[in-house]
Amino acid sequence: MITEATRARFAREVAKYPPERKQSAVMACLSIVQQEEGYVSQESEAVIAEVLEMPEIAVHEVTTFYNMYNQQPVGRFKLAVCTNLPCQLRGGKEALHHLEERLKVHMGETTVDGMFTLQQCECLGACADAPVMLVNDRDMCSFMSNERLDQLVDALRTEGGQ
Amino acid sequence: MSASNLKDVLQPFKAGGQQTCFHGRHIEPQIYAGLDGSNWHLKDYEARGGYQALRKVLGSDGGTGMTQDEMIAMLKESGLRGRGGAGFPTGLKWSFMPRNFPGQKYVVCNSDEGEPGTCKDRDILMFNPHIVIEGMILGGYTMGASAGYNYIHGEIFEVYERFEEALEEARAAGYLGDDILGSGFSFQLHAHHGFGAYICGEETALLESLEGKKGQPRFKPPFPASFGLFGKPTTINNTETFAAVPWIVRNGGAAYLACGKPNNGGTKIFSVSGDVQRPGNYEVPMGTPFATLLELAGGMRPGRTLKAVIPGGSSAPVLPAAIVNECTMDYDSIAKAGSMLGSGAVIVMDDTRCMVESLARLSYFYAHESCGQCTPCREGTGWLSRVVNRILEGQGRPGDLDLLDNVAGNIMGRTICALGDAAAMPVRAMLKHFRHEFEAKIAQAQASQT
Ligand SMILES: NC(=O)C1=CN([C@@H]2O[C@H](COP(=O)(O)OP(=O)(O)OC[C@H]3O[C@@H](n4cnc5c(N)ncnc54)[C@H](O)[C@@H]3O)[C@@H](O)[C@H]2O)C=CC1
Ligand SMILES: Cc1cc2nc3c(=O)[nH]c(=O)nc-3n(C[C@H](O)[C@H](O)[C@H](O)COP(=O)(O)O)c2cc1C
Ligand code: SF4
Ligand code: FES
Numbered sequence: 001m002i003t004e005a006t007r008a009r010f011a012r013e014v015a016k017y018p019p020e021r022k023q024s025a026v027m028a029c030l031s032i033v034q035q036e037e038g039y040v041s042q043e044s045e046a047v048i049a050e051v052l053e054m055p056e057i058a059v060h061e062v063t064t065f066y067n068m069y070n071q072q073p074v075g076r077f078k079l080a081v082c083t084n085l086p087c088q089l090r091g092g093k094e095a096l097h098h099l100e101e102r103l104k105v106h107m108g109e110t111t112v113d114g115m116f117t118l119q120q121c122e123c124l125g126a127c128a129d130a131p132v133m134l135v136n137d138r139d140m141c142s143f144m145s146n147e148r149l150d151q152l153v154d155a156l157r158t159e160g161g162q
Numbered sequence: 163m164s165a166s167n168l169k170d171v172l173q174p175f176k177a178g179g180q181q182t183c184f185h186g187r188h189i190e191p192q193i194y195a196g197l198d199g200s201n202w203h204l205k206d207y208e209a210r211g212g213y214q215a216l217r218k219v220l221g222s223d224g225g226t227g228m229t230q231d232e233m234i235a236m237l238k239e240s241g242l243r244g245r246g247g248a249g250f251p252t253g254l255k256w257s258f259m260p261r262n263f264p265g266q267k268y269v270v271c272n273s274d275e276g277e278p279g280t281c282k283d284r285d286i287l288m289f290n291p292h293i294v295i296e297g298m299i300l301g302g303y304t305m306g307a308s309a310g311y312n313y314i315h316g317e318i319f320e321v322y323e324r325f326e327e328a329l330e331e332a333r334a335a336g337y338l339g340d341d342i343l344g345s346g347f348s349f350q351l352h353a354h355h356g357f358g359a360y361i362c363g364e365e366t367a368l369l370e371s372l373e374g375k376k377g378q379p380r381f382k383p384p385f386p387a388s389f390g391l392f393g394k395p396t397t398i399n400n401t402e403t404f405a406a407v408p409w410i411v412r413n414g415g416a417a418y419l420a421c422g423k424p425n426n427g428g429t430k431i432f433s434v435s436g437d438v439q440r441p442g443n444y445e446v447p448m449g450t451p452f453a454t455l456l457e458l459a460g461g462m463r464p465g466r467t468l469k470a471v472i473p474g475g476s477s478a479p480v481l482p483a484a485i486v487n488e489c490t491m492d493y494d495s496i497a498k499a500g501s502m503l504g505s506g507a508v509i510v511m512d513d514t515r516c517m518v519e520s521l522a523r524l525s526y527f528y529a530h531e532s533c534g535q536c537t538p539c540r541e542g543t544g545w546l547s548r549v550v551n552r553i554l555e556g557q558g559r560p561g562d563l564d565l566l567d568n569v570a571g572n573i574m575g576r577t578i579c580a581l582g583d584a585a586a587m588p589v590r591a592m593l594k595h596f597r598h599e600f601e602a603k604i605a606q607a608q609a610s611q612t
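Protein sequences appear in the order of chains A and B.
Counting in this note's numbering, the first sequence runs from 1 upward without gaps.
Counting in this note's numbering, the second sequence runs from 163 upward without gaps.
Because the hints were derived from the structure by calculation, they are not lab data.
Just so we're clear, the structure is a prediction, and the values are computed from it rather than from any experiment.
Any given hint could turn out to be false.
[Stated by the list, open to error] Computed cross-link-like contacts, DSBU-like style, restricted to lysine-lysine with a CA-CA straight-line distance of at most 35 Å: (1) LYS169/B with LYS22/A; (2) LYS104/A with LYS238/B; (3) LYS238/B with LYS16/A; (4) LYS22/A with LYS382/B; (5) LYS376/B with LYS22/A; (6) LYS218/B with LYS16/A; (7) LYS16/A with LYS382/B; (8) LYS205/B with LYS93/A; (9) LYS382/B with LYS498/B; (10) LYS16/A with LYS205/B; (11) LYS22/A with LYS375/B; (12) LYS93/A with LYS176/B; (13) LYS93/A with LYS376/B; (14) LYS93/A with LYS104/A.
Isolated chain B (complex conformation) (with noise of 0.2 Å):
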């Protein structure tokens, strides 16, 4: 049986991306905007306008071009902050690099999406791949880069080989290679895939994993401004952070901050998942309203209340209804409210779900992907996951909550990188909100037991 047999037999399985990001429900796109799945390829993109703000950057457009400290300031303007999760202001983090470094200097795209609930990366990269290209080229000019790889998680195989493709499209248009466009800038830029391995995701782990070892993460500092790929200046920024620039550049960065809210510039993909009638991406300006939002996704189904939202992935702590359904989408409405908008990734869930059983699955999660470095995580984890597991399975002892809010504590500021906390957060914020599910299930444990 051949390869091609295989894809042949397995065609009818596939997503269009009818449901996730061509269902016109969007607010004032700019990265989704027009897309329908069959116009990703590069002169679909220039009929868009891109490439655009490459021209214009390096003056091939008959314009006097751009400097690096205009993109920067221009970028700081713009009210941009990193898609990844950490939501850290992209133009700060661009002007951290070193500007006189005489080596190579890189620029990493963080496609390794694999925070539960986080889908966006992969609409954007299967139906615009040629805005993260451009996106990447902008950096590499900004940052004075002349390479750059993009990290794409290993289990969107289709995305990285579509991403290939689109790179032999700009390499041979001569948006990407040696002396772009006629400028003298020169820029390399290679896709680069992962195998199964949550952690990849965290940017020095990514970077290990780059150069071809286990991906355990770094300490930091130093940052990789400082040291990073193979021990160079490095810039690592998440695929929906580069797909944002372009607009910015065609369209100013006060445009951009005031399609959003202060502080809070832009559009941000919202992926959708669990108790709604359209789960999908949807991109809306910063600060929509969350019922907004549910509204776009089809709301509840018939017969069911909202009962909780995770409004940034499974690291992020959970919000009961009462509160998110106050909150507008945007970094500091969610932090103001206790939680973090983190990836986007909003995971509904409705007035049937057991919190129990939820946060035995992420606990199990976060101890199945610790890579084992740091003696908190390695062990905590596990240890929250047994106990959770066994107050679910009606084994739950007396001290269970308290044993819970003990370790989360422990874990949390000990560890190298942040999966540490992502694990221990929404443990806490569960018994904070739903203590009482918990309670339930340890008191009818006892009472059975007696």
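For reference, chain A alone in the conformation it holds in the complex (with noise of 0.2 Å):
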């Protein structure tokens, strides 16, 4: 359930808007529950939507409305890869292939695991430090050779084994 820190952290977003208007922050809330849970459950939603004061139903067209909510669990670490034009001329499909041999995974699908979650992305702003990948869609990396990305899962595989 969203605890006391978590409705702190709702409050602020709040904060930022004109009182009768709550809604806006909608987008910042769902994804601090994504940031804390993983993915955007109903249950989140419905909460959502009471402290917002508005429909349940308009939350969850926000939520799939935009591409980076997850509306199902993903894995521990969800590694999301340009492919757009201008990544993919400087490797941008090698980098997503590399990972799917890597991780005996096809784009869209977790690890037998549960460690790694594989998407293919759209630009991600980032274009010139191709391969660019997003981790857990708060962390960039930038330059991501087949060494750096050998390098990425082995790090994520350590930290994630804890």
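Using the supplied hints, reconstruct the complex from the two chains, each of which is provided in its own coordinate frame.
Structure follows, in structure tokens:
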């Protein structure tokens, strides 16, 4: 369930908008629950709807419209690799394929140990750093040659194994 | 595992800006001048002359201050045009805001940078956030708005966190909040983040998103200046547009115009990506020859030659080497060549590239990002993507190029927002300049079937 600490984080977002416009904080609140719980459950949507005084269905519409909300649980580390054209010209697709082989999954899938979910994504706004990827929505990793991808996977495995 | 542990683990994989921003290869930079990655804080910005423009305008530097009309006149003189892609004159846009509106008005910064090829706003916000804050406060003053939001691309969360830190610094120093520097002018500014929807860069979709809804564009007119955020008068500008304003106030509109070329004032940041030796952001005066920009970006790889350039982000029509080599980098020159300067994202492709493959990736993108509101865009973008893809996969049919042209034509001008055109224009330009590559793929497919 949503803790007091989470509610305090919500309140900080709500305070940015006029008092009668709490709904504006919905995207931030959804990303907060995703950070804390790994995905947006129906239960979280209901709590956010109550806090922001908006219909549950309106919260759900937001969850489903934006690409980065996880509507299902994902692996411990969500890796999203950009393959849009500017990145494709600098090895974005190869980076995705390298991870597919290394993690033994296809894009869109989660490894059997639940450690990694691999996705393809659209422009991250970091095209000159290609190949680029996003880890758990919040951390950009740049210049991801195959060697650096291997280092990253190893480092995350060690971290996640603890 | 705590979040801070994860940060430590990921630290070695972070970009520090050396490659994209602190390479010393800008020409007369105004926005990126003097940055090194560590000097983004308020005190550093002040040491570079930061917040002097605000002091000047509010009269807290001992001078007489500037009126709203003087600000607008200065911006009009400067020739500053919107850096978000459409190049609309900023002074003119700011003059549209109703003067004597009784309620709240808003200023919104569009930092939803998601146009494939563009990564300039990220470096501005990460390494010089206060220049955007100062530009937005000046905008608020000029348009009589006491509140603003900066909508930041959800994918660059670290930039969002940095911007919030910079806002705290500005508030603590009295540059933001109530009664700024004792002038009686108040301005509240907050950061808002997206979460993965390209369409939210379109200004009215962005407003819907700021209101906590799906990011679906509204019909224009009414323009945001009359019906914007929460239905109130609102002006939306790109990050780089706001970042240009403090320099103009300090140095004057004429100096800004002189730095570029007529009708194209100032410097422009170009994000150069693709087949060059040094991809990165390069800030140069408007009107710089394309060849100079290419050279700054390290030129082509050894043994490769320039084939084509998409000069203004993925929505801009492609230009073959022979044409782009003759261009200067400004709105008018690129428009005359049959494309658009757009967001300044220069996507470079060399002689090894297959144009069918390039177009297939772009068409997939637009189909994926269509918000689905208008039938021509929703159905048309999917159709374009499927046909280009089947040509790429060796399943092309003889009538496919006419079909593509027809579908593109049926999207253009028939949609609520410009995403439809952005999907259609690249298709037509590819067919115009590289038709033979598409024909060859289809001929191959036919030959292998018989
Ligand atoms: N920076 C990026 O990541 C991206 C940029 N773009 C660019 O966006 C451009 C299209 O943007 P739009 O906003 O659809 O262009 P637009 O031409 O409709 O508007 C440009 C600006 O001028 C204002 N404006 C135009 N006519 C007006 C009038 N008569 N009265 C009051 N205000 C007026 C609009 O409100 C808007 O702020 C494309 O050229 C493309 O290059 C597209 C995708 C992504
Ligand atoms: C599909 C689409 C996406 C857009 N994305 C952005 C964007 O990411 N950043 C931006 O500044 N403008 C974007 N624009 C343009 C905005 O609608 C608007 O013209 C711009 O923010 C106005 O600012 P300016 O006058 O400073 O250029 C986009 C337009 C369309 C049609
Ligand atoms: S043109 Fe496409 S993206 Fe724009 S409003 Fe229509 S369906 Fe949505
Ligand atoms: S195209 Fe990959 S980050 Fe922009």
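For each hint, the structure was consulted:
no., hint, verdict
1, LYS169/B with LYS22/A, "31 Å, holds"
2, LYS104/A with LYS238/B, "58 Å, violated"
3, LYS238/B with LYS16/A, "32 Å, holds"
4, LYS22/A with LYS382/B, "26 Å, holds"
5, LYS376/B with LYS22/A, "15 Å, holds"
6, LYS218/B with LYS16/A, "28 Å, holds"
7, LYS16/A with LYS382/B, "27 Å, holds"
8, LYS205/B with LYS93/A, "42 Å, violated"
9, LYS382/B with LYS498/B, "26 Å, holds"
10, LYS16/A with LYS205/B, "25 Å, holds"
11, LYS22/A with LYS375/B, "12 Å, holds"
12, LYS93/A with LYS176/B, "20 Å, holds"
13, LYS93/A with LYS376/B, "30 Å, holds"
14, LYS93/A with LYS104/A, "16 Å, holds"
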